[in-house]
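Asker: Here the protein sequences line up with chains A and B, keeping their order. Numbered by numbering that gives the first Met the number 0, the letters in the first sequence go through residues 0 to 112 in order. Numbered by numbering that gives the first Met the number 0, the letters in the second sequence go through residues 0 to 384 in order.
One or more hints might be untrue.
As the list claims (entries may be wrong) - Partial list, computed: chain A residues near chain B (C-beta under 8 angstroms):
(1) V2
(2) R3
(3) S54
(4) L57
(5) I89
(6) G91
(7) K94
Honestly, the hints are just simulated from the structure, not real lab data. Ideal placement from N, C-alpha and C gives every residue a C-beta, glycine not left out.
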Amino acid sequence: MEVRTEREDDVLVTTVNGRIDSATVSEFQHLMERAITDDIRRVIVDFENLSYINSAGLRAVLVITKNLWTRNAKLALHSLQPSIQEVFSIAGFDKIIQVCADKAEALDATQEK
Amino acid sequence: MTEPRKILVVDDEPDLERLMLQRMRREIRRGKFHFTFAGNGVQALEALNKDPEIEMVLSDINMPEMDGLTLLEQIPKVDPNIRSVIVSAYGDMKNIRTAMNRGAFDFVTKPLDFDDLRVTIDRTLRHLTMLREALQSRDKLVALENELSVGRSMQQAILPTSFPETQTYQVFANMEPARDVGGDFFDILSLPDNRIGLAIADVSGKGVPAALFMMSSRTLLKGAAVGRTSPSEVLTEVNELLNENNETSMFVTLFFAIFDPASGLLTFANAGHNPPLIVHSDGSHTLFGTSAGVALGVVPGIEYTQQQIRLEPGDMALCYTDGVTEAENENQDQFGLEQLTELFSESPPTSAREANDIVFRAVETFSGDAPQFDDITCLTLYRSE
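This is chain B alone, in the form it adopts within the complex (with noise of 0.2 angstroms):
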């Protein structure tokens, strides 16, 4: 059996650690776990300093001595591969933007959600895994192929597993990556009033760094997303975050838009991704523009245009990345966007997951045994009532 996996917790409120071993028991007693706790900053370097086993630390902000900002600036003195995970008060976007400038890998919001901070844990473990992978690939000089390789499984590792499903709507998201280079991911998110954050994007570049900014991305995305109601300032938000120190003119085309079930409004930005299709339940279409934004990470100081359009029941939001509308046949033709808005014309779906299947099958068909140069992603937004 493996070892559990360490973890310090930091905070100064006593009932934490009651209640995260009661939480976290059946983790614990599989032997998946191991919590380690600390009252402060100062307490928590002294733990990381005696046991050079804790690789993820979840701390709180506020606290006495040494709070978790300044923490987060100690913790890669101790050891540069611990990664941490911040808890902060709802909507407190000043502490999360410092916290994501100092490295932190990513956030949870008070009260915390358990549900939600298990996911967060095996992200941020499964990160650490592939990151171990990576450096023991470089410390070997193995080929780009490894390489590449590693770039996939943090890829991967940072793809949601699992979908919204309610009675008035359902979303449903794959990806089909690509033998060697492709960046394509997606996220959904929980946010307040039962409304959910869709993204689904493209980066640029291939192997483990693109793998970092994407997650990066990510991240960056999700604490811009929590407590702004306007997904064109939450892309200039990431933009000018991502503009910050980025050397390798690495950028990313994200598609981001905010679904609100109760009127059936989704309300969205573009910063350089192929616009949604929005199929209706008559097997019409609506296509928007593709004059987007520029994708996130080119150049600082970017507005972005906010759209909205109301999803009548059996209405969908198929978004996609330019895997789809560019993937070849041996002619070298490409699969096109008329071909994509044409598959539901005659029939169009009653689900998310049958319209992704849809969308697949067709690509496939039609590259037959040509090669499959880029990632193919679907992120379908369907509302049944």
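Looking at chain A on its own, in the form it has when it is part of the complex (with noise of 0.2 angstroms):
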């Protein structure tokens, strides 16, 4: 698994790679919650190259995303492959955490209205 942030502004570019599971997912969150400085506003993950997620991993992204509302700030997840979009919509994750087609879609979704 690899975590690339990237910032834009206020905005956390990420880009995950691989897998995040019961063995990477601790690493998974702590890098994120490494790069999410108080000052970044929008958190956008770009999900494409993400091979598998466990339910251990939904929790990490729940965790990361619940921080952000406490601060009023907003995460948006994008380019799933549809065995990955099919996880988070089974548990219904995708009712709760803004799921985007596309890099485009995201920033647009996160943005302040």
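Two chains, two separate frames, one set of hints: put the complex together.
Answerer: Take a look at the structure:
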């Protein structure tokens, strides 16, 4: 698993490659939390090259999202593979967390209105 | 021989003592349980202070001087590791809910069913044994491995081991635990009018915290299911309760169904879990969409959609966890829903146990030597006539 982060103003643009499973979930959460400094208002996560996520991974995404909510910051995921999309939709997480088709849509969805 | 486990029974009804000693005489004679009795909360606290070996309290709610709900608040001050089971009137959700919020471990309803009480006592004592092991391993600061294995045992301890089997239907469920992480559980509840409640679930997280979350999910589900006939209301209630004080952001995906053997109707609601597969007697199948409700414990205020299907004789409902469909082979291909549905197209099974055997064998063959990442669990309801 690999997490790449890049700042564009107050947006954190993240790309995750590989698998988020029991072996890698702590590292994923740690890397994300370290990159999300208090001045970040929007986080977008590119899951195009994510091949697997288990329930511990979903929980990590939930923890990150809830922490952002507490200070009115936003998160959107985008470009999910169909199998990953299905994991999010079965658990009903797509009703809680923004899941977008591509980066442009994710940027738009996290826009402060 | 091991010492009998000490249980304090609190009730202002004097006949209960005689009845309990009579119905539990075998367990008492074998040295399995030792009962102490108290007539109200004040006497109960005196008894607990006098005998620190009492592990479990079985208490009525309405009593003079100090009632059962007040007692629940006082018990942790004597010893936080005592577990309480409340005896409540049937369908008295208000009191059951208060009892759960005050840390009751489980509840049984009046009139007392002694078989059910035995199962509940066993489950509570097994939980305590596991909890003690967990606390010990924490004291010793042993490796995570040990914490995981204690969590595992706690998980195994709450699973039902006997399954209903009548002339009209059978239920069978089993779980193949993953080596390290996984949090599947299932439960089967007896409900009024011969109906049964069926639950299959997957808790996120691992080790002792996940096992404790699993316990409270199970107990809250049982609490919410008693006195309610609508699975969607049951899930909404459990979700609210799990969202109170959920600092850890743990969640559980849970499918809950109520089966009425008289009509064959299966009514269900789904909180973020894989929908069941219905296999008909001719080998065809019915699938439900995956656009289920949100998993329990994620956010409060969720309403769940309720669905219903009639199981005809020879039909079965196969409930499963994602450990089945997401089992991987050495190329990291997943077993998948399609392969699961095809298992039964040629020869539909004739019993619940057979259906589970077919699924477990197929997943094992598919996976080969690839590691098992998640628990694999199936719960099958088969309507025979």
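Asker: Name the hints, by number, that the structure is in violation of.
Answerer: 1 and 2
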